[in-house]
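Asks: Assemble the whole structure, with the sequences as input and the hints as a guide.
So the protein sequences, as listed, match chains A and B. Note that the first sequence covers residues -1 to 331 in the working numbering. Note that the second sequence covers residues 28 to 497 in the working numbering.
Treat the hints as calculated values from the structure; they're not laboratory data. Note that CB positions come from ideal geometry on N, CA and C, so glycine has one too. It cannot be assumed that every hint is accurate.
Some but not every residue of chain B turned toward chain A, in silico, with C-beta under 8 Å [unchecked claim]: (1) GLY92; (2) LEU124; (3) HIS193; (4) LEU427; (5) LEU433; (6) THR435; (7) ALA444.
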Amino acid sequence: MEMFDLSLFWAVIIAFGIIMYVLMDGFDLGLGVLFPFAPDEEARDVMMNSVAPVWDGNETWLVLGGAGLIAAFPLVYTILLPALYIGVFLLLAGLIFRGVAFEFRFKSKRTRGWWNAAFAGGSFVAAFAQGCVVGAYIQGFETADRVYTGGAFDWLTPFSVLTGIGLVIGYSLLGATWLVLKSEGHVREWARALVPKLLLGVLVVFAIVSLWTPWIDRGVFDRWFDHLHVIWLLPFGALLCALGIFLANRHRREGLAFLLTLGMFIFTYLGLLVSRWPYVIPPDYTLWDAASAPESQFFLLVGVLFVVPIVLTYTAWSYWVFRGKVRVGEGYH
Amino acid sequence: MALDPILLSRLQFAFVVSFHTIFPVFTIGLASYVALLQGLFVATGNAVWDRLGLFWTKIFAVVFGMGVVSGIVMAFQFGTNWSNFSQFASNFIGPMLSYEVITAFFLEAGFLGVLLFGRHRVSPSVHFFAALMVAMGTFISAFWILATNSWMQTPQGYEIREGVVHVTSWLEAMFTPSFPYRFAHMALAAFLTGGFVVCGVSAWFLLRKRDVDAHKRALSMTMWLLLILTPLQAWVGDEHGLNTLEHQPMKIAAMEGNWDTQSNVPLLLFALPDRDLQANRMEIGIPNGASLILRHDANGVVPGLKDIPAAQQQPVWMVFFSFRVMVGLGLLMIAFAVAGLVLRRGGRLYTTRWFLHGLQGMSLAPFVAVLAGWFVTEIGRSPWLVYNVLSYADAVTPSLSGWMVLLTLIGYIAVYAVIFWAGVYYLFKVVRQGLDDLSEDEEMHDYDRPERPLSATRVPFDDSTAASRS
Chain A
-1 MEMFDLSLFW AVIIAFGIIM YVLMDGFDLG LGVLFPFAPD EEARDVMMNS VAPVWDGNET
59 WLVLGGAGLI AAFPLVYTIL LPALYIGVFL LLAGLIFRGV AFEFRFKSKR TRGWWNAAFA
119 GGSFVAAFAQ GCVVGAYIQG FETADRVYTG GAFDWLTPFS VLTGIGLVIG YSLLGATWLV
179 LKSEGHVREW ARALVPKLLL GVLVVFAIVS LWTPWIDRGV FDRWFDHLHV IWLLPFGALL
239 CALGIFLANR HRREGLAFLL TLGMFIFTYL GLLVSRWPYV IPPDYTLWDA ASAPESQFFL
299 LVGVLFVVPI VLTYTAWSYW VFRGKVRVGE GYH
Chain B
28 MALDPILLSR LQFAFVVSFH TIFPVFTIGL ASYVALLQGL FVATGNAVWD RLGLFWTKIF
88 AVVFGMGVVS GIVMAFQFGT NWSNFSQFAS NFIGPMLSYE VITAFFLEAG FLGVLLFGRH
148 RVSPSVHFFA ALMVAMGTFI SAFWILATNS WMQTPQGYEI REGVVHVTSW LEAMFTPSFP
208 YRFAHMALAA FLTGGFVVCG VSAWFLLRKR DVDAHKRALS MTMWLLLILT PLQAWVGDEH
268 GLNTLEHQPM KIAAMEGNWD TQSNVPLLLF ALPDRDLQAN RMEIGIPNGA SLILRHDANG
328 VVPGLKDIPA AQQQPVWMVF FSFRVMVGLG LLMIAFAVAG LVLRRGGRLY TTRWFLHGLQ
388 GMSLAPFVAV LAGWFVTEIG RSPWLVYNVL SYADAVTPSL SGWMVLLTLI GYIAVYAVIF
448 WAGVYYLFKV VRQGLDDLSE DEEMHDYDRP ERPLSATRVP FDDSTAASRS
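Replies: Below, the structure written as C-alpha cells:
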C-alpha cells in the first residue's frame, strides 16, 4: 500500500464530497433563506416543488463527508467537532427542522405557517452556521497535542460572522438563479430581479473576506503575495463568473446564469483550499498528520469506490427526470 | 453543583440513541414483515396480501424517515462529545460507521425507491425482490452498528500503538465473542417489535370491525410467529447472559444484584441494591436461582460486585431494575403468545375483547423491553466505554464544559420532542386511515419520480385537508 498515497486520494474524495454538498444543498438552502420574502404562497409552492425531489439526495453528501472524515482523517473530526460544538448543534437542528418541514408542509393546511417558518428558519441557521465554519477554518484552531484546547465560542468572531453572512447571501444567489431556471411567470421575474442585488452582496463580502484573509495568518499571506502565482487565476475566475452571471441574467440565459453561479462557488472553494493546503487543521496539522491507519483507509475505500458511482448515477438520473420548469399548481404531493 | 461534562455527555448520548433506537428496531422487523406479505402475494396471487403489504409499507416509510432524521445527530456526537474515544478508536469505528452509512445510501438509492414507489411499475416478483433486499439491507445496517458496539464490549483483533487502536484482524474485530449473541438477541427483538405492533394494530381494526378479513389473517399469522419467537428470544437472551458472564462478569453481578462472589446465589425477584451499603435492602428471591440459571448448579459460584472497588461499580440499581423490566416484559410477551394459541379454539382469537385490548397495549412492550435491554448492557459496562480498555473519563472531549453539554442536551430534547410529536401524530393518522382499496391507489396517478420515504405516504397531516387529499 506504500506505493500509493491513500491519504491524498482520500483528501480528494472528501474535498469532492464537500463541494458536491455545497453546490447541491446550497441552492435548496438558499431557497429556504429566500422563502419568507417570496411574493405569495403560490411562489412558495413552486420554490419547494423545484427542490422537493432532490433535496435529501443533496444532503447525503454531508453525511458521506462526515462519515468519510472519521474513517480517513479522524483528527479533523476530533478537533473540528469539539471546536465547533455549539455551531454543529445549530447546524443539525436547522437541517432537521427543514427536513421535517419539507415533508409535512405539503400534507398540511392549518399548520402550514409553522412549517413555513421551520423551513425558512432551519435553512437560514444551517446556511449561516456553515458559513461560520468556513470563517473558523480560515482562522485556524487552538490545539495542543492533537486535542482542541480553545473555548466554546472561538469559532464565532467578527470574521466568521462575515463569512456566515457571505454564505447565506451566496446560497441565496444560488437559490435565485436555480429558481429562475426552474420557474416561470411572476415567480421567475421576482427571482430574476433578486439576482443582481444578491450578486452585489456576494461581491462586497467576497471583497472584504479576500482583503481580510491574508492578514489573519502569515502562511496565507505568503502563499498569495510571495510571488505572482498561477493561483491568482482562481479569484480572477470567480470574478469573471460574477460578471457572467450579471450578463446572463440580464439576457435571460437561465441555464448559463445558474452554471456560472456554480462556477463562482467552485473557484472560491478552490481558492480556499489553496490558501491552506496541505493543512487540514490550520495552523498545525497537515492531511498526513490527520490521516488514519492505511489499512483502515483502504478497508473503507473499497466500499466507497463501489457506492459513490452508484450515488452519482442515481443523482444525475433524478435531476434528469425532473428537468424543466415547475408550474404553479403542479404538485409534489 | 458543578455540571459534570462526562455525566451530561452520557445522558445526552443515552437520550439521542434511545430516541433513535425506537425507529430502527421497528423498521428492521417491519421490513421483514413487508417482504413476507409481498412474498405471500407473489406465491398465492391473493390481493389481500398486497393490500396489507401496501398498508404496512406506508407505515414503514414514515418510521424509516424518522429513523434517518434522528440518526444523523449520532454520527456527529462521537466527535463533539467523545473526541478522545474517536481519536483512540477511529481506525476501527471509523470504517465501521462509514460502512453503515454506505449501506443505508445504497439501499435508499436502489431498492427502497422500488419498494415504496414501484408497486405498479414493476412486476409483483420484482417488487417482492426489492422488499427482500430492503429487509436484508436493514440487517446489514444493524450488523455494522452491533459489530461496533460488540467490539466496545468485548474488544479483540487490535493492538494499541502510540495510544491509538490499530486493527490487526478485521475479521476478529468485527466478530468479537459477544457479537453473535448480541446480533441474534437484537434481531429477534426487532421481529418481536414488528410482530407486536402488527398484532396491536390488527386488534385495533378488529375491535372496530374494519377490513376484518385482512386483519384476521395478519393477526393469525403474526400470532403463530410470536408463539415461536417469544420463547426463542428467552433462550437466546439466556445464552447472551452466559456469554456476558464469561466476558463481563461485573455486568452479571449488577444484573443479579449480587455483591459477594459466592455459591448458592438466589434469583432476586425484587431488591433495592444500595451501593453505599454494598448490599441489598428488601430482598425477595428464589433460593439458588441465580446459581442454577448461570451455572446450572445450585452450588455454582456467581461473581459479586465487591470484586471491584465501589468507585468502579455501575449505578447498580439501574442495571438491576432495567434487567427486571426487560425480563418481565419478555415473560408477558410469552404469556400473550400462549394465550393467543389457547384462544384459537373456536376462533375466539379474533373476538375476545380483553385479549384484543391487551394486544393494543402490548404493542408498546417491545419498545420498552428493547430500551431496558440496552440500558442493562450499556450502563452495565460502566465505567468503561471500551471494556477494560478506555474509561468514560478518558474518552470524553477534553475541551467540553458542562454548560455546553447541558445546553445542547436541552436543545436536542426540544428538537426531538417536536419531531416525535409530529411523527407519531402523523403515524396515528396513517394507521387510522386503514387499508387502501388497490383500485384507487394514488400511486397510479403519480409522476415518474424518485421521492423520499415519507412522501410514500400521502395521508394529510392536519384535518382541514382531509376532504381534499391533494
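Asks: If a hint holds in the structure, say so; if it does not, say that too.
Replies: We went through each hint and held it up to the structure:
no. : hint   : in the structure
1   : GLY92  : 7 Å, holds
2   : LEU124 : 6 Å, holds
3   : HIS193 : 5 Å, holds
4   : LEU427 : 7 Å, holds
5   : LEU433 : 12 Å, violated
6   : THR435 : 4 Å, holds
7   : ALA444 : 12 Å, violated
When each numbered hint is compared with the structure, violations occur for hints 5, 7.
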